[in-house]
Amino acid sequence: MVETIASVGLPIDEKLLIQKNRLIPKNGLKGDKKRISIVTGIHGDELEGQYVCYELQRRIKANYDNLTGIVDVYPAINPLGIDSITRGIPGFDLDMNRIFPGFENGSMPEYVASKIIDDLSGSNAVIDIHASNIFLEEIPQIRINELSRDTLVPYAKLLNVDYIWVHSSATVLESTLAYSLNVIGTPTLVVEMGVGMRITKKYGDQLVDGIFALMKKLGIWNGDVITPKEPIISEDGEVSFINAGKSGVFVPAVEHWKNVKKGDRIGDILNPLTGEINEEIFSPTDGIVFTLREYPIVSEGSLIARILA
Amino acid sequence: MEEKVLFELNSAYRDNMRIKGYSFGSGEKSACIVGATRGNEVQQLYICSRLINIFKQLEQQGKIKSDKSIMVVPTINNYSMNIGKRFWSTDNTDINRMFPGYNLGETTQRIAAGVFDNVNSYKYGIQFTSFYMQGDFIPHVRMMKTGFEDIEFAKNFGLPYVFRREARPYDTTTLNYNWQIWDTKAFSVYTNATDSIDVKSAREAINAVLSFLNKRGIIEYKCHEGYISQFIEGKTLVNVKSATAGIFVRYADVDARVKKDEKLAEIMHPYSGEVIDTIKAPVNGIVFFHANQPIIYSQTPLFRIIPTDDLI
Ligand SMILES: [Zn+2]
Numbered sequence: 001m002v003e004t005i006a007s008v009g010l011p012i013d014e015k016l017l018i019q020k021n022r023l024i025p026k027n028g029l030k031g032d033k034k035r036i037s038i039v040t041g042i043h044g045d046e047l048e049g050q051y052v053c054y055e056l057q058r059r060i061k062a063n064y065d066n067l068t069g070i071v072d073v074y075p076a077i078n079p080l081g082i083d084s085i086t087r088g089i090p091g092f093d094l095d096m097n098r099i100f101p102g103f104e105n106g107s108m109p110e111y112v113a114s115k116i117i118d119d120l121s122g123s124n125a126v127i128d129i130h131a132s133n134i135f136l137e138e139i140p141q142i143r144i145n146e147l148s149r150d151t152l153v154p155y156a157k158l159l160n161v162d163y164i165w166v167h168s169s170a171t172v173l174e175s176t177l178a179y180s181l182n183v184i185g186t187p188t189l190v191v192e193m194g195v196g197m198r199i200t201k202k203y204g205d206q207l208v209d210g211i212f213a214l215m216k217k218l219g220i221w222n223g224d225v226i227t228p229k230e231p232i233i234s235e236d237g238e239v240s241f242i243n244a245g246k247s248g249v250f251v252p253a254v255e256h257w258k259n260v261k262k263g264d265r266i267g268d269i270l271n272p273l274t275g276e277i278n279e280e281i282f283s284p285t286d287g288i289v290f291t292l293r294e295y296p297i298v299s300e301g302s303l304i305a306r307i308l309a
Numbered sequence: 001m002e003e004k005v006l007f008e009l010n011s012a013y014r015d016n017m018r019i020k021g022y023s024f025g026s027g028e029k030s031a032c033i034v035g036a037t038r039g040n041e042v043q044q045l046y047i048c049s050r051l052i053n054i055f056k057q058l059e060q061q062g063k064i065k066s067d068k069s070i071m072v073v074p075t076i077n078n079y080s081m082n083i084g085k086r087f088w089s090t091d092n093t094d095i096n097r098m099f100p101g102y103n104l105g106e107t108t109q110r111i112a113a114g115v116f117d118n119v120n121s122y123k124y125g126i127q128f129t130s131f132y133m134q135g136d137f138i139p140h141v142r143m144m145k146t147g148f149e150d151i152e153f154a155k156n157f158g159l160p161y162v163f164r165r166e167a168r169p170y171d172t173t174t175l176n177y178n179w180q181i182w183d184t185k186a187f188s189v190y191t192n193a194t195d196s197i198d199v200k201s202a203r204e205a206i207n208a209v210l211s212f213l214n215k216r217g218i219i220e221y222k223c224h225e226g227y228i229s230q231f232i233e234g235k236t237l238v239n240v241k242s243a244t245a246g247i248f249v250r251y252a253d254v255d256a257r258v259k260k261d262e263k264l265a266e267i268m269h270p271y272s273g274e275v276i277d278t279i280k281a282p283v284n285g286i287v288f289f290h291a292n293q294p295i296i297y298s299q300t301p302l303f304r305i306i307p308t309d310d311l312i
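Here the protein sequences line up with chains C and L, keeping their order. Residues 1 to 309 in my numbering are what the first sequence spells out, letter by letter. Residues 1 to 312 in my numbering are what the second sequence spells out, letter by letter.
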């Protein structure tokens, strides 16, 4: 059943609606039913989660008898952003993932944020699906704030991703959806995968397989599920960042999610005006390229790759 | 006056980006003034360019005190200004959310680091900045509650109000916040305009800076010393929000004294022209902030009022 979580009047004959679809077991909600919530579209240019929302529901509906708990699907937390290909909230110049938990009496974005938190809180698991941005391609991965490591890593391992990154906490991240929910005891996992403004069907299918495995563990799904792949788990210290030292056009020499040796060429930054190479980029370490630059134009400092040692 | 390139960014498609600082006097690093960090902060750029001109004259007249120096950085984001974008030209990040920066990080982190290296050792830091919502304020000095803020010094600007609010997680990456935690006494000065130049309000801001520097013993400058600033806490202001969306027809201006139940604005239906909501003052007070966009969402903060007794 489609429900409206928040509704805000826009100036000229339009309402901003935040909606979810709720799937419940055939025999109703008697007894203590577990609930999983799938959330995506906080960043309007990240679309990988759109396919996941569809595919998860398609598969549930094809075997509806196996549903034993509640599945809430929120495909568009920032609908105006998705519609206008805007990362933040159009008209507010605001990254929506920096205003949680929001507050009821705040401005429109803060009010919407508080309604979203109210609705999600109490879920047995929340999966917040991001898709990198237009600049970088990411292997399916889960990012976990070290403060929630013990609660979240066991869930994350079920989600069939390639990689789990336990990162250090930073004050600025305290206003994300995931942090705000984890603080109030609603386990929330952040998925990053693919690239902005695109859908990578393969990754979507992989994650949906994992969501079913988690649902089964939580008692929400009774059907057969895959055995999740064993993810690599790492901490900050094992991740090397490679940033552009020069501006120009980046052309990669490696493939995404492939092993590299220290000194292997990652790619070149080309100069289209002079026909010269501005910078050759080499791997600082042996490892695997889990983030790779997708958008060719780079300036000094642009992230080129992240390598897991 | 000494012009120095504080940070330079090479570009494949544009002229290099040069962030320039203009220094006056010598010796102790007394005061640093930073203008536009976003591409639409034209008023902030204007104020700094006027200040540079004035400091040049003061320096020639020997009115910058000995062993005191001042640096003005008119903008740290001319790239965005030149193409009419508020945030960074390629990835839309906000440089004023990247401090203290990281010289091996992303482009805007490098810019922030390059700037911060040059501005962080001053005794006083003054930033001209703009609010994330469109609107007008009574000119004021704004500070975050960090434990390092100095309200008494903030009153030296002689602006009508010194405003303090709670710091939120995302504030920890602003220039002002990082100045404070690295021992610079930091003040953000808000004036009336951002995207356009308001000469009267700019003059008031310039006067406030000169008055502050004079009182802090950095320059010698005779001027009207302004107001006895009133200190207000963000949480004591009364917020007035719109209950409905539509065309915003405003009657009350900033600095207006309003009586409880006085009409502040009306919301007009965008098609029928009917008044669908009347916004009234919930208390006696002074209008500190009002929104200024012509069409508004519901839930938009329209006015912030400083409550007063107002028996006279
Ligand atoms: Zn995202």
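Just so you know, these hints were derived from the structure itself, not from any lab. Note that the coordinates shown come from a computational prediction; the quantities given were computed from them, not determined experimentally. Fair warning: there could be bad hints in the mix.
[As the list claims (entries may be wrong)] Computed footprint of chain C on chain L, listed as stretches where at least three residues anywhere in the stretch have a Cβ under 8 Å from a Cβ of chain C:
(1) 53 to 63
(2) 124 to 130
(3) 166 to 175
(4) 245 to 253
(5) 298 to 310
Glycine is no exception: its CB is placed at the ideal position from the N, C-alpha and C atoms.
Status of each hint after checking the structure:
1. 53 to 63: violated (count 0)
2. 124 to 130: The restraint on the region 124 to 130 of chain L is violated, since only 0 of its residues have a Cβ under 8 Å from chain C and three are required.
3. 166 to 175: With 5 residues close enough to chain C, the hint holds.
4. 245 to 253: Check passed, 3 qualifying residues.
5. 298 to 310: Answer holds; 4 residues pass the 8 Å Cβ test.
In terms of the numbered hints stated before, the structure departs from hints 1 and 2, listed from lowest to highest.
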